[in-house]
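Chains as they are written, first to last, in numbering that gives the first Met the number 0: chain Y, 0 to 375; chain D, 0 to 321.
No lab work stands behind these hints: they were computed from the structure. Every value quoted in this text rests on a predicted model; they were computed, and no experiment measured them. Do not take every clue at face value.
[Stated by the list, open to error] Quick look at which bits of chain Y chain D covers, simulated, 3 or more residues with Cβ under 8 angstroms: (1) 10–18; (2) 196–204; (3) 316–322.
[Unchecked claim] Under the rule of at most 25 angstroms between Cα atoms (straight-line distance), these lysine to any residue pairs were calculated in the SDA-like manner: (4) K367/Y x F21/D; (5) K138/D x D72/D; (6) K34/D x D72/D; (7) K30/D x N366/Y.
[What the hints assert, rightly or not] Examples of chain Y residues toward chain D, derived with CB under 7 angstroms: (8) S71; (9) L207; (10) P209.
Beta carbons: idealized from backbone N, C-alpha and C, even for Gly.
Listed below, chain by chain, are the residues.
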Amino acid sequence: MFHSILAIVCKDLLLIIRKPMFSIISLLVPLLFIIFYALVIHTSSTNPIVIANHSEGPYTDRFIDILQEIKSVEGPYLEIITLDSELAFEKYNNRQVDALLEIPKSFEKNLSTGKQSALKLKVFNINSDGTKNYQLRIDHALYEFHKSLNEESIISTNEDMTFVQDTPMKSYVSTGLLIFSVLLTSMVSTGTLMAREWEERTAKSIVLTPKGFLPLIVGKWVTAFLVTVVNTVLVLPLLYILLGYPIGQMTTLVWFYLLLFFLYGSAAGVLLGVLFKKTLPIVPISVVIGMSEFLVSSLESYIRGFAHGGMTEWLWRLGSWWPSSEIIDTIRFTVEGFEQIAINWGALFYMALWVGLMIIIALIKLNKQLSFTQGQ
Amino acid sequence: MDNNKLIEEKFVVEINKVDLIFNKNSKKEFKALEKLDIKIRNGQIFCLLGPNGSGKTTTINLINGLLEPTHGDITVLGMKPSKSRKTVLRKISLVPQETALYNDLTARENLLFHARYYGVNRKYISKKVDEVLGIVQLKNRQNDRVGTFSGGMQRRLALARALLTEPEILLLDEPTLGVDVQSRNAIWEQIRTLALEGKTVILTTNYMEEAEALGEQVLIIDKGKPVKSGSPNELKRYIGQKQMIIHFTDTTYAKQVYDYIAKDYDVTFKGNQLNVNTNTLNIQFQLLQQLSKYEKHMSHLDYSEPNLQDVFLHFTGKELRD
Ligand SMILES: Nc1ncnc2c1ncn2[C@@H]1O[C@H](COP(=O)(O)OP(=O)(O)OP(=O)(O)O)[C@@H](O)[C@H]1O
Ligand SMILES: [Mg+2]
């Protein structure tokens, strides 16, 4: 078994060196993507917020009107989902929105008597971009409100952040890009290595040895693993230079999570290889899968901030159910050094289940395909 | 010694009333083999002759265990290939129709890879590779990429790969497909030598010359059904049809003679020539005596023997190859 696996690995590495096109593509796509991403700055639009309002009266109404009115050229600053206190807390605690503004009962009375009053802003500060957005927008609302009252700083806000510290946006995105790179490389290399055996019609002579196809697939996985390690080693410095990714903080656990993503990608690669039996379609399809993972699951906790209604919400729901989303957040917490969520056993189990399922489906498909004549 | 004898008396490959149906119970159901019966003796060259799509590769895949019969049974060296797959695969080697070589590896690298994957003892791999390269006479090209090889060289290399593992039974699926005459003769010679060394060779072909040149036992199949089997000579004798071809100086004489002998002989009239089926020497003498009075109008005589093409035509009513 060992010698058979070694034979596959040596042969495939030799073939990769002689025909490096697919390996170059699987390296270039994430590199270009990272560079473009670092250059192109995103824009933020309306941010949803829930308001737990305990106060009643003309001052309160005017303040809420202002919260609703303030806008930029892109649209309103804030979208108020509810004013009902109970519903507001429920939505915030279920992580359906990232921010909650609490208006205390004393608000109306204090203002009418010219006394100081304090609001409470709770933010799930998964990334600095979201946090900053809420802080600036509420500040702006207060500025407008003070102006209309001809007062100065009669109202203050107390902030309550979920995490001690924000994840910097650059680093937030970097984790997603890293996962994208690992997934894409493992998918493309495993997929093309598998498909090549059909394309060159060489699968049959391997299957018809007493060793069967198991060393073949293990050999492919080992080769793809080596290629993925090389790619990752090239991608990490780029992430560090362009986006300041804290590569020093990547613990063993983070590497283990990356290994899970490698297994996920290579199982998907085997499936693609068996399904298409051609190398060419595998590259674009892997790019689509990798991009979707990046945009939907790696940005899930970011999209949540503005996923209310329409396609975005639908996409976010998909992302929140997808096994990799929570693991990617866990990686972020780990590299940022947030100890409280270092190991999320539930998410880990879910992800491991998903990867295991993919591998089993891939093996079943492969077994079916290889124990059957190829019609020639 | 005793063991060998046992195998000799039994058949190394036995296929009994096998049907093979692809996609059974679906719309795409297709009967690829029907009531196939094959018995192959140890050390024999067995040849499966049939046109494209007749089920040759399917039969090969039954023997190597990639396919299981829908009905009937098959044993290879006394075992069911789909059940005792590993043991059977240790004793047989296949040269697939598509050669299955890596074009971007050299000839030597291809062989080394296969030997390593198969698990040939590492100590002997290099020697073994040298040996098989010698057999197929590709030693001087061993470090060239297979992609630069001619079709004939690729087939020879695929044969070399099959020999690496010292099989008892060689399965050759169309070993000379798309190969020029010289390469073909070289491959035939190698196959004969292997059979002389005691290997059982099972080959498929749609060249009747190949079946005639190599096959000790030939089975003609068409549309998955066995048509006729026997040695090439038996098959030809079966349809008889040794013909005497009499050429006349003029069509009118040919016509005259035709009218004269048509009631006694199986004869066809073609311009200034008559083709008479004359299976025994006796009939030939008799005919020539009867025709002695036409001697001065006859220009010359030819004899023709039937070939497998005629056999195929006789049993299926169509040509073997278009
Ligand atoms: N996996 C399969 N599924 C369905 N039909 C198949 C399959 N494999 C072969 N066939 C059909 O079975 C028939 C016999 O195919 P086979 O490959 O055995 O022919 P062959 O005699 O080897 O032909 P050729 O000379 O072209 O190689 C063909 O009609 C083919 O289309
Ligand atoms: Mg065939």
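Do the hints match the structure? See the list:
Counting residues of the stretch 10–18 of chain Y whose C-beta lies closer than 8 angstroms to any C-beta of chain D gives 5; at least three are required, and the coverage claim holds. With 6 residues carrying a beta carbon less than 8 angstroms from a beta carbon of chain D, the stretch 196–204 of chain Y meets the three-residue requirement, and the given coverage holds. Only residues whose C-beta sits within less than 8 angstroms of a C-beta in chain D count toward coverage, and the stretch 316–322 of chain Y has 0 of them, not enough to reach three; the restraint is violated. For the suggested pair K367/Y and F21/D, the alpha carbons sit about 14 angstroms apart, so the restraint of at most 25 angstroms is met.
Distance check on the hinted pair: K138/D and D72/D sit about 42 angstroms apart at the alpha-carbon level, beyond 25 angstroms; violated. Distance check on the hinted pair: K34/D and D72/D sit about 11 angstroms apart at the alpha-carbon level, within 25 angstroms; holds. This hinted pair checks out: K30/D and N366/Y have alpha carbons roughly 24 angstroms apart, not beyond 25 angstroms. The beta carbon of S71/Y is not positioned within 7 angstroms of any beta carbon in chain D (closest approach about 58 angstroms), and the interface hint is therefore violated.
Interface hint at L207/Y: satisfied, since its Cβ lies 5 angstroms from the closest Cβ of chain D, which is below the 7 angstroms cut-off. For P209/Y, the interface hint holds, since its Cβ comes within 7 angstroms of a Cβ in chain D; the closest pair sits about 4 angstroms apart.
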